[in-house]
Amino acid sequence: MTISNLAEALESGRFVVTTEIGPPKDCNPGKIREKAELLRGSGVAFNITDNQTAVTRMSSLAGSILLLQMGMEPIMQMTCRDRNRIGLQSDVLGAAALGVRNILCLTGDAPSFGNHPQAKGVFDVDAVQLLHIISDMTGKGVFQSGDRLSGPCPQLCLGAAANPFAEPLELQLMRLEKKVDAGAVFVQTQSIYNLERFTRWLDSVREAGLDRRVRILAGVTPLKSVKMAQRMKFHVPGTDVPDAVYERIVHAADPAEEGYRLAVETIEALREVRGIHGIHITALFWESIIPQLVRETGLVP
Amino acid sequence: MIITRQKDLQEILEKIGSGPVFLVGCNECATLCGTGGKDEITALSTLFASKKIPVSGSIVLDPACHLLNSKQLLKPCAAQVDSAQIILVMACGNGVQTVAELYPEKQVVGGTDALFIGEVIRAGVFEKRCSLCGDCLIDKYGGLCPVARCPKSMLNGPCGGAANGKCEINAEMPCVWDQIYTHLKKRNQLYLLKAVQPPKDWSKSREVKVSRDHQ
Ligand code: SF4
Ligand code: SF4
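Those sequence lines, one after another, are chains V and L. Under this note's numbering, the first residue of the first sequence is numbered 59, with each subsequent residue one higher. Under this note's numbering, the first residue of the second sequence is numbered 1056, with each subsequent residue one higher.
Don't read these hints as lab results, they were simulated from the structure. Treat the hints with care, as some may be off.
Stated by the list, open to error - Straight-line distance between alpha carbons at most 30 Å, and here's what the computed DSSO-like set of lysine-lysine pairs gives: (1) Lys198(V) / Lys1126(L); (2) Lys1183(L) / Lys1195(L); (3) Lys1195(L) / Lys178(V); (4) Lys1240(L) / Lys1221(L); (5) Lys1249(L) / Lys198(V); (6) Lys1240(L) / Lys1264(L); (7) Lys178(V) / Lys1126(L).
Said to hold, decoys possible - Have a look at the derived ranges for each label pair, beta carbon to beta carbon: (8) Lys1264(L) / Gly71(V): 48 to 54 Å; (9) Val1175(L) / Pro87(V): 50 to 56 Å; (10) Leu126(V) / Leu1170(L): 26 to 32 Å.
C-beta atoms are modelled at their ideal positions from N, C-alpha and C, and glycine is treated no differently.
Bound-form chain L, shown alone (with noise of 0.2 Å):
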């Protein structure tokens, strides 16, 4: 899914100065990531109340980046939104935009950040595994993705750089390759790695638009 993370609530006050706000969340991986579930959303209403900034109303999408979905969810909201200077929406970058296409007379920001695709490891402990580049090369190493989650986008092996299996520019982090490794040398796959991997073919990573029937 979708990773998040809420921007800092000093910027978010700036943002939306002195209201009214229309509060937007999403009830899927915003949710998970406990960035803009029907929780953050009633935090964020009542610390904006007490702080004496007025909230015309909320509503929590699902999911909020369904642009025919999100227009019949908000019918009902016409008032509340109308009355609103602000539209915060806590949800992904697709999300706001969304909104700010059914909008488009209204200020609509955003209040995430959205970090990666990415695992849910435990309860709100998120990790990288897919950076969309168009052209998945996963089956070439055993399923675990260098593109994304080597800083390097390593494709023929690892930097010299990694200690006791963590990468070499954050040691919380573990280094892709030695997960790599130690899975196909479990499997007798070793030798996978032995073909070269020719420069990556990003010309696919740019494209824009996608239609179900051309595929």
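For reference, chain V alone in the conformation it holds in the complex (with noise of 0.2 Å):
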């Protein structure tokens, strides 16, 4: 028996869709239903992202909780940045009891970019770390002190996040690859908006012969407005929008629908370019287009 339908699906060869769920500034659980409704049969598994952007929001572990119990499958998103090494593990055991299954594990967002730029950052581990530790708990029923966990281990499918527009670019096939070593079973990149620079890394990865040691998911994120592809061309770390993909939406007639188009466009490259697994779609506060996304690209019937 696999452990999730995400480590299933990633096993079969399928090319395999995920798609993200931001919880909301509060304690509404019915914000996160009316998004997982939305995006139900989009794909197989669902990230929750962990404070994203170091923004307080309802924990991933109680939105995953609220995905499990409508029948959805949650990638819980775990962040390096507000819980040390026992909060951490303590929040995988707790969400392992609960029946979560899949973990994407990051480093996370440093708060000055959040809405509490005086909160102290934890960063007690970095995410290879946590990988690591949670693959002990997993596979020698361990923590990272050596202790020894009393009952059954957690069955779990670890994720990582991989940035193919990062420099420098040996470092960064460098960490993919400790994280790899580390147990991560698959990878969702940074949205790409910039092909060829993003096929010119899966080369790199390639050589490096990781595409055979584990799942890539490409990452996708519609530009849902002129003011979404500033924010993406000029604010947000590491991501690349070339300037003809900017050009496109800010003197498109319909930015939405350029962006939209552009997106569909890019699902259709991807899917010809060997060595990935799968789409990672992210289209925070713009759920609502990614059904029809999937669709219209065939990602799912």
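Work from the hints to combine the two standalone chains into their complex.
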């Protein structure tokens, strides 16, 4: 029996789709349920973000449980920004006890990006170390300290993030390899707007043999507006929006329509790229576009 | 050295009220930082006088953070200290505590913020180098410290956010991982970075007392 639907899909070699739900800045479960209902059937599993961009929101664990209650499969995101190794491991156990089977391990954005810039960033461990820690819990039944779990080990499918546009490439590949060695079964990439640069990255990943050791889900984020294109191009660290793409959105009569077209084209192009095992669609605050996007591109029937 | 920044003047004025105030500086780090050297102590004395806040006296210790030494140096100032309501210490937090320990009956206030252990890049410009983590790892990174110099203390390689060698959270600041990379590449030692660095042992950062005999 495989650990999760996601793990099963990744193993099967099928082209996989995952998408993302951002929990609300309040305690209304209805907001998660509404987004989830919208996305039902549009992917095999759904990332629940962990206070993304360091903005305080409903916890990813709670969001994941809400999804499970609806019979949908969460990928619980976990960052190292807000919890030390004690808190992280505790939440891994709690999540596993409640039925979470996929965890995406991230280092996380610094607090200075969010709505509590005065907060202390924890960063007791980084994403590589978090992957090792959880792998040891699942595989060896030990905590980071070496202390043993007192009962069953959690069964989890672990993922990580990768940024194809980050420099220096050599170091980034080293880091990716560390994540794979640490037990990441899949990686979701930063949103792709520069296909050529992405393909070059993938070539290096293939050269390093990493595409055979980890499932790569290419990130796609439709641009909804000129403002969003501006934010992605100039303000979000680690993204690469080429001038041509940017101009296309800025000069479009209907930027949202153009952004959607661009996403369709990107997905169609990505499907032809060797070494990719699926697509990860993020459309925070524009989730409603995803069902149409996955149908039109044939990602789901 | 310990890099300090003077607190906002308004805040200092609020702390000292109507005085009288006795000023303490430090001849070491605070002097190099231009926060509590002879010049700054003189400038503050003049400023307080112009605001009709009596200054009973001042001294620049060498260094402020040496309890026994400071005790000696302060002896001749006993009368001046005695007639002060407030002792304002323009040194790092250690210096403030040294003086507070010497005068438990007095109100001792600090006039700087201690920021980090850092380098003098050029006159008046300082950069963080160390956060005294208790378990030094810099040999693994070619002598550049990611614990102190990366805002996320990343020990296994850079995050994906650096742009043009600058840190994602501050475009003025170099990404230390970029510096580590450039440095080790030049030395053909990039292989050093392949080793997975396990979670750091922070227990040593909680040490509060150490004696030379025990080393
Ligand atoms: S590893 Fe720790 S002790 Fe060494 S330079 Fe960095 S912060 Fe200072
Ligand atoms: S950009 Fe560099 S220094 Fe800044 S957080 Fe990322 S790895 Fe650390």
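Structure-based check of all given hints:
Of the supplied pair hints, the one linking lysine 198(V) and lysine 1126(L) is violated, its CA atoms being roughly 57 Å apart against a limit of 30 Å. The straight-line distance between the Cα atoms of lysine 1183(L) and lysine 1195(L) is roughly 18 Å, inside the 30 Å bound, and the hint therefore holds. For the proposed pair lysine 1195(L) and lysine 178(V), the alpha carbon gap of about 26 Å is at most 30 Å, so the pair holds. Taking the CA atoms of lysine 1240(L) and lysine 1221(L), the gap is about 18 Å. The hint holds against a cut of 30 Å.
Of the supplied pair hints, the one linking lysine 1249(L) and lysine 198(V) holds, its CA atoms being roughly 24 Å apart against a limit of 30 Å. Restraint check for lysine 1240(L) and lysine 1264(L): the C-alpha separation of about 39 Å exceeds 30 Å, so the hint is violated. As the CA atoms of lysine 178(V) and lysine 1126(L) are separated by approximately 37 Å, the hinted pair breaks the 30 Å bound. The hinted range of 48 to 54 Å is not satisfied by lysine 1264(L) and glycine 71(V), whose Cβ atoms lie roughly 60 Å apart.
For the hinted restraint 50 to 56 Å between valine 1175(L) and proline 87(V), the CB-CB distance of approximately 55 Å keeps it satisfied. One distance hint, 26 to 32 Å for the beta-carbon pair leucine 126(V) and leucine 1170(L), is violated here, with the actual separation near 46 Å.
Hint compliance for this structure: hints 1, 6, 7, 8 and 10 are not met, and every other hint is.
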